[in-house]
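**Q** Listed here are the chains, written in short residue letters.
Protein chains: 2
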Amino acid sequence: MICFYAIMSARAEPIASLETLQTPCLLLDEPRMARNIARLKARVQRLGVGFRPHLKTAKSMEVAVRLMDGPQGPVTVSTLKEAEQFAAEGVRDILYAVGITPGKLERAASLRRNGVDLSLVLDSMEQARAVVAKSKELGSVFAVLIEVDCDGHRSGVKPEDPTLLSIGRALHEGGASLRGVMTHAGGSYDTPGETALTLAAERERDVAVRSAAALRAAGLPCPIVSVGSTPTAHFARDLTGVTEIRAGVFVFFDLVMAGLRVCAIEDIAISVLATVIGHQHEKGWTIVDAGWMAMSRDRGTATQVQDQGYGLICDIEGNPYPDLILKQVNQEHGIIGHRDAAGEYPRLPLGTLVRILPNHACATSAQHDRYQVVDERRRVLATWSRFSGW
Amino acid sequence: MICFYAIMSARAEPIASLETLQTPCLLLDEPRMARNIARLKARVQRLGVGFRPHLKTAKSMEVAVRLMDGPQGPVTVSTLKEAEQFAAEGVRDILYAVGITPGKLERAASLRRNGVDLSLVLDSMEQARAVVAKSKELGSVFAVLIEVDCDGHRSGVKPEDPTLLSIGRALHEGGASLRGVMTHAGGSYDTPGETALTLAAERERDVAVRSAAALRAAGLPCPIVSVGSTPTAHFARDLTGVTEIRAGVFVFFDLVMAGLRVCAIEDIAISVLATVIGHQHEKGWTIVDAGWMAMSRDRGTATQVQDQGYGLICDIEGNPYPDLILKQVNQEHGIIGHRDAAGEYPRLPLGTLVRILPNHACATSAQHDRYQVVDERRRVLATWSRFSGW
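If you read the sequences in order, they're chains A and B. Position 101 (the first sequence) corresponds to 101 in the working numbering; numbering is contiguous. Position 252 (the second sequence) corresponds to 252 in the working numbering; numbering is contiguous.
Just chain A, with the same shape it has in the complex (with noise of 0.2 angstroms):
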């Protein structure tokens, strides 16, 4: 088990330099993810709300450590395998925010049997009489939130559809413990700049606010008004009325978060370590042994002002090239290329490591099973393990 506060206050000694890693290999810029993670945490103070960090970026103890408030959360997960695998690292609080299953809530029971806080999101009567049915066949109390939908993006109640009330109704009466309701701006996504992204956070915040004030005019509990995305986290300006706010790719920031205006490029921590091996010099082709097996199919740039192909390319202190870009990916490899068809680059001869930031940190890091934890000297720090799976 990794000690909470053993890690707060340690101070790692360098054990590689970068050249010595095996290509292509996950880099986490240490100092660049403690400056994010001091942001928000220090917005979120401003805000005078609650902070669960959404941990499915990440999917690291070590990484978890660094954003909880404290050794037993709160925070947010998107797979039962992520709440039992922080549950053996000591996390109490914790929510699983995907829509619940039937066929998922044994799992879910065994997990409050073990002394862990779970709690879990519907958005429909089926899934209330579900958990209600469950909860009475295990002799299990389920603590759960409603999923109120702000932007029309996924999954969620709208707050005057008189299905909210229903659903408060048949968990409270039937014995789940009702902690309110909780609402996602996946839209936010869509909508770069600073105009769009408050109002998008506003939108966000009004609509759980809504949903909040049905629930309780109708007698029901409503604890918890819980609210996040990473772009609305960074640009709310007021949440007045909501209690927690959700964030995860903050942690890392990426490509996308940088083409919405969410970060600069220099916030982003993440990268993967490519090697050159070889070069179509006609072509203005230079190819590197990172593929879409090391960076994910991930387009997220696609749609946006600034395509970035498949990566951004910086050199291995981290400074990007101008406009080269990974054009295309393979299994294992990646070609880069100017981002204009014609355009000229500095050689990269054969042996050459590069950096290539992503287009979504979450994507990428999900195709790792370790991060190479590095310093602003591309000294290696440590190895930090992630997991995968459900």
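Hints may contain errors.
Note that the list lumps identical chains together, so a pair holds whenever it fits in one copy or between two copies.
In silico DSSO-like pairs for lysine-lysine, Cα to Cα no more than 27 angstroms straight-line [said to hold, decoys possible]:
#1 Lys81 / Lys327
#2 Lys283 / Lys327
#3 Lys81 / Lys283
#4 Lys327 / Lys158
#5 Lys136 / Lys283
Read the hints as simulated data drawn from the structure, not as lab findings.
Add chain B to chain A, keeping to what the hints say.
**A** Just chain B now, with coordinates in the frame of chain A:
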């Protein structure tokens, strides 16, 4: 260690039914896989060439033993990790089919010291010089194939480029074991139908054979003439002059291969089992617990005649629902909808299990650490582990 001969003769007893699995998870339809393997092996035999299956798709010894001609190979791999993992299981004849870099030669030499006949691939004088230099430094004779380019897809030297002979001479005179030439018709993934794929296969053969002839005419050894891609392997009519064929994705097949008409939808042996977790009825959305984490972000059918979104939806038996696809994905959410915006489809209640056929078997399999091996009667026969990383 997994015994080649024991596995080849084993009959598995069912261990569970599909309905008991936690979702999302990766299903492997064993009878379909067996048919896919038998079909290509029969073709290869008719064509009178050797078979060097590519293990990058499966990354599993359990699948490898079903693909290989014998317990020691031959096989193809895409990473040194694959070479090391399969070598630990007794495989001895391994082609590492991604361009070698100086920084990977120590690991390659270590495999050769441990009795593995590892062949490397390169396409430049810089690489040839690095191999020769490292060979002298480590006292290890590297076996090398020169990669030639048959369709401008990615790597390789052109057969008429004098660099081909320069590389051959540098290797041969420098003490490396020059094994021959290899090429990969990666461009065949973009050309559907029998006529185009037969042509692509003939071009692949022609380039490999001409390159081999050029080396031999210069007095250089060229015992191996290696070609291969799943599409060309299935459409080559004549392979005169070729000594071996490589192919990988055929073992599972996928929607991209079906779109190229290399296989039928009914041949696809891999799918993701997912559970319905919610609905947005007014939008025609059914939400499942398989997002990009379970499916990958691969959109390989986006440029084909029939775009399959992130996957084609089947019932629990594996029968496709007409025109029902995975239209959008987030990390752990997938949105099922009719191919046409307003199209209707059968109601899939909360908890319904569906199978989702993937665009790209290599990419989807890579998101999972195990296969749930099933038969045609929805019974789970075994769980096979797969590995990842470099």
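**Q** Determine for every hint whether it applies to the structure shown.
**A** Here is what the structure says about each hint:
1. Lys81 / Lys327: Result: close only across copies, 26 angstroms inter versus 34 angstroms intra.
2. Lys283 / Lys327: within (12 angstroms within a copy, 35 angstroms between copies)
3. Lys81 / Lys283: Result: close neither inside a copy nor across copies, 45 angstroms intra and 31 angstroms inter.
4. Lys327 / Lys158: For Lys327 and Lys158, the Cα distance is within 27 angstroms only across copies (22 angstroms; inside one copy 41 angstroms).
5. Lys136 / Lys283: Answer is neither; intra-copy 67 angstroms and inter-copy 34 angstroms both fail.
Violated hints, listed in ascending order, are 3 and 5; each of the other numbered hints is respected by the structure.
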